[in-house]
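Using the sequences plus the hints, can you model the full thing?
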Amino acid sequence: MVQLTPKNDIIFKRIFGSKGNEAILKDFLSSIIEEPIKEIEVEKDTKLEKEDLNDKVGILDIKAKLDNETQINVEMQVVNQQNMEKRTLFYWGKLYTGSIHEGEPFYGLKKTITINLLDFNYFDTKEYHTKWHIVEDTEKDKVLTDVLEIHFIELKKFIKAEKQPENKKEEWLYFLDYSKGGMVEMVKKKNKVIEKANEELEYLTGDEAIKRKAELRDKWIRDYKNGMEGAEMIGIQKGIKQGIEQGIEQGIQRKQIEVIKKMLVLGIDKETICKITKAEIKQIEKIENTQEI
Numbered sequence: 000m001v002q003l004t005p006k007n008d009i010i011f012k013r014i015f016g017s018k019g020n021e022a023i024l025k026d027f028l029s030s031i032i033e034e035p036i037k038e039i040e041v042e043k044d045t046k047l048e049k050e051d052l053n054d055k056v057g058i059l060d061i062k063a064k065l066d067n068e069t070q071i072n073v074e075m076q077v078v079n080q081q082n083m084e085k086r087t088l089f090y091w092g093k094l095y096t097g098s099i100h101e102g103e104p105f106y107g108l109k110k111t112i113t114i115n116l117l118d119f120n121y122f123d124t125k126e127y128h129t130k131w132h133i134v135e136d137t138e139k140d141k142v143l144t145d146v147l148e149i150h151f152i153e154l155k156k157f158i159k160a161e162k163q164p165e166n167k168k169e170e171w172l173y174f175l176d177y178s179k180g181g182m183v184e185m186v187k188k189k190n191k192v193i194e195k196a197n198e199e200l201e202y203l204t205g206d207e208a209i210k211r212k213a214e215l216r217d218k219w220i221r222d223y224k225n226g227m228e229g230a231e232m233i234g235i236q237k238g239i240k241q242g243i244e245q246g247i248e249q250g251i252q253r254k255q256i257e258v259i260k261k262m263l264v265l266g267i268d269k270e271t272i273c274k275i276t277k278a279e280i281k282q283i284e285k286i287e288n289t290q291e292i
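So that you can map any letter, position 10 of the sequence shown is 9 in numbering that gives the first Met the number 0, and since no number is skipped, the others follow by simple counting.
Keep in mind the hints are simulated off the structure, nothing from the lab. In this text the structure is predicted, and so the values were computed from the model without any measurement. It is possible that some hints are incorrect.
Taking lysine-lysine pairs in the BS3-like style, the calculated list, with each CA pair at most 30 Å apart, reads [to be verified]:
id, residue 1, residue 2
1, LYS179, LYS139
2, LYS162, LYS125
3, LYS224, LYS191
4, LYS254, LYS277
5, LYS64, LYS37
6, LYS254, LYS37
7, LYS130, LYS224
8, LYS85, LYS139
9, LYS93, LYS189
10, LYS189, LYS139
11, LYS37, LYS191
12, LYS139, LYS195
Below you can see the structure in the form of structure tokens.
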């Protein structure tokens, strides 16, 4: 039996976003935001049951509310669309402004956290986990507000470091990536909640309907990536061709200028030069006055 991976967003949401798995989500989120969570409420999302999963990459996310009314949006993103900072601000803004209704006072707005789990490298940073706020330009320790908090976790950067897990967060990341079998076995033994999450993963792997959806999702993402790589290669090839064509054109123009210069030196009238070179009279006059087109 082919083992599914928690990075597949269908499986990710089934494990962390299903009713009855609140303890799994609570343990995972607590390890990311590094705060204890007493209670958690998962927002029901009909997209979980959506049959057509091929219309958009990364449509499946998890929205949760903590006991202190902090809102959290978690997204597993496996395709780099080069827009993560804009995407996360858009979803953060929708969640933040949606915490109050029209006519209600602004102090009712709730702290909103977005957590982006990326299966690719995105930032030019050493750390695999970066946390972002609004800070003053020169005095970086001055934070405008604590209502905005954005996390990016680059799984490939973490896995490449090949480090022993130093905390619960890193235990969860080894489980999420699922590429290091030995590490997964180790963290399952250390963390009973991860062991429960793995049992859920094994159950989903045995569910033919879920497995089929996950496999179709993986196939669509592979096709998408291949399409993007193909488009990029075509773009490069077109760029090379355009460069060659532009170089040839520029070479012809330079040769034509040299011919016109020599004809002017020989005293040939401009009308005759126009007929021979197909250049316009204005171009010839410009060459005569400035030595260039």
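Here is how each hint holds up against the structure:
1. LYS179 to LYS139: 38 Å, violated
2. LYS162 to LYS125: Given that 30 Å is the threshold and the Cα spacing comes to 14 Å, the pair holds.
3. LYS224 to LYS191: 36 Å, violated
4. LYS254 to LYS277: Satisfied, since the Cα-Cα distance of roughly 13 Å is no more than 30 Å.
5. LYS64 to LYS37: Roughly 11 Å separates the two Cα atoms, so the pair holds.
6. LYS254 to LYS37: 78 Å, violated
7. LYS130 to LYS224: 28 Å, holds
8. LYS85 to LYS139: 22 Å, holds
9. LYS93 to LYS189: 37 Å, violated
10. LYS189 to LYS139: 38 Å, violated
11. LYS37 to LYS191: 18 Å, holds
12. LYS139 to LYS195: 41 Å, violated
Hints 1, 3, 6, 9, 10, 12 from the earlier list are contradicted by this structure; the remaining hints agree with it.
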